[in-house]
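Residue numbers (my numbering), protein chains in the order written: chain A, 1 to 120; chain B, 121 to 420.
No lab work stands behind these hints, which were simulated from the structure alone. One thing to keep in mind: the hints can contain errors.
Covered, in the sense of this in silico footprint (three residues per stretch, anywhere, with C-beta under 8 Å from a C-beta of chain A), are these stretches of chain B [what the hints assert, rightly or not]:
#1 312-319
#2 382-394
Sample of chain A residues with no beta-carbon within 12 Å of chain B, all distances over it, derived [as the list claims (entries may be wrong)]:
#3 Ala21
#4 Glu24
#5 Thr25
#6 Arg26
#7 Asp102
#8 Ala106
Glycine included, every Cβ here is placed at the ideal spot set by N, Cα and C.
One letter stands for each residue in the lines below.
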Amino acid sequence: MTLLVTLLLPLNALWAAQVDAAFETRIQKACVQSALANDQKVKNPDEICSCIAAKHLAAAKKEPTDAEALAQLKWTAEFYEIKDPKALQKHVDSDLANSSFDEQVALECAETLPKKGKKK
Amino acid sequence: MQWLSSSFLSSVFNAALLTFAFLMIFLSAHAQPKTVKTNHVDVNLWSDAGRSSGEPMTTVKRFEEIQVLETKRLANGETWYRVQLRRYPNGSARETLGWVDAKFFTDIDKPVEADQPPRSHSVSRGACTDCFRGTDRQPIPTRQSQDLRDVSQALTRSGFIWPVGGTVRSGFGYRRHPIRGVVRLHKGVDISGNNGSRVRAAKGGTIEVSAGGCVNGRKSCNGGAGNMVTINHGDGTKTRYLHLNPTCRLPARGARVNQGDMIGCVGATGAVTGPHLHFEMMKNGQWINPLTQLATRRPS
Chain A
1 MTLLVTLLLP LNALWAAQVD AAFETRIQKA CVQSALANDQ KVKNPDEICS
51 CIAAKHLAAA KKEPTDAEAL AQLKWTAEFY EIKDPKALQK HVDSDLANSS
101 FDEQVALECA ETLPKKGKKK
Chain B
121 MQWLSSSFLS SVFNAALLTF AFLMIFLSAH AQPKTVKTNH VDVNLWSDAG
171 RSSGEPMTTV KRFEEIQVLE TKRLANGETW YRVQLRRYPN GSARETLGWV
221 DAKFFTDIDK PVEADQPPRS HSVSRGACTD CFRGTDRQPI PTRQSQDLRD
271 VSQALTRSGF IWPVGGTVRS GFGYRRHPIR GVVRLHKGVD ISGNNGSRVR
321 AAKGGTIEVS AGGCVNGRKS CNGGAGNMVT INHGDGTKTR YLHLNPTCRL
371 PARGARVNQG DMIGCVGATG AVTGPHLHFE MMKNGQWINP LTQLATRRPS
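Sequences are here, hints too, so could you generate the full structure?
And the structure:
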């Protein structure tokens, strides 16, 4: 039993790390595609989207359970992937807490990153 | 050997003497009953130490003096007094025994700043030192008298004061998602504030909702609102205070609060990216922009 646990624990950590990376990449890609498709021209979509994905991942890691963390990352990835406006609104309404959090994250990333670019 | 024995006896005697002296000091400090009073408006009197929910027995009114019978230090660092409250409602004395939170009280022989000329400096934006467990760094009278000055400075014709000093980070109204373009109504204002800064009742009223139990990090707690308080002001208006700090005690549901009373501290519970106060105002069931009701001058 001890041997089994010893063998499974690193595998579990490896799996979790892969899931993290997979979701971060998924959110970032979907976000960039959405930004490019957006009527409003978004400055620095790559930087903003990597900021959004990283913040979501960091916030998910603070959740008390893995299930909640995964559910949030899944919701966020789907939020950026959905193309149909009605489905998007339905998705937003399905989880107002996540929606509100994502809105704050996106606004913060959009407001702070271009300013940093100007300073350079 | 004889020398060793006498030295040993001498050290034992010294130790016993020292213990006795400490015991006497301890007993003299605790045997003396002390009288305390609060310069907060009303402080709840509870049946048990550490109570923060349910119905309080009664309240200790501002400047009312009470006798401390026992001091109890709780595991969370809070100090509570078991007190005797004596009142004369119909000419005859009526005594009530109960527990009060010691942080709201001061010894009567200590000077109360409210009775002294105001200081020139402003301290109101400092962190809420009294809301963190076991960190009573400032005397309470200083904070309270400053609170009262802030209240008088910030009063408006509508009767609402700023619940916390700070700048508005995000206003009321529709917000467009910068990437997805989804438009959502932001039902209040986000006021920036240091984690732990005091949050005060914008107007007097009754606590309608007092929802705690959230810790930082769990975004879905209370539907994203985190620890929150709603005050019904009784004139068709309500105010809501969201994302409050988990280390500060929230007022009990049904409790009466006066304008400027501390109802919590700025925190980051619920769906937030950092500490701030989300402050909402409702009039006849409709959300309204709080900035139209608040004074242009915020508490400094």
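Each hint, compared with the structure:
1. Check on the stretch 312-319 of chain B: 0 of its residues sit with their Cβ under 8 Å from a Cβ of chain A, so the three-residue criterion for coverage is violated.
2. Check on the stretch 382-394 of chain B: 4 of its residues sit with their Cβ under 8 Å from a Cβ of chain A, so the three-residue criterion for coverage holds.
3. The beta carbon of Ala21 (chain A) is kept farther than 12 Å from every beta carbon of chain B, the shortest such distance being approximately 21 Å.
4. Every CB of chain B is more than 12 Å from the CB of Glu24 (chain A) (nearest about 16 Å), matching its label as outside the interface.
5. Remark: the non-interface label on Thr25 (chain A) is consistent with the geometry, its nearest Cβ contact in chain B lying 16 Å away (cut-off 12 Å).
6. No Cβ of chain B comes within 12 Å of the Cβ of Arg26 (chain A); the nearest lies about 15 Å off, and the non-interface call holds.
7. The claim that Asp102 (chain A) lies off the interface is violated: its Cβ sits roughly 8 Å from the closest Cβ of chain B, which falls inside the 12 Å cut-off.
8. At the 12 Å boundary, the C-beta of Ala106 (chain A) falls inside the reach of chain B, the nearest C-beta of that chain being 5 Å off.
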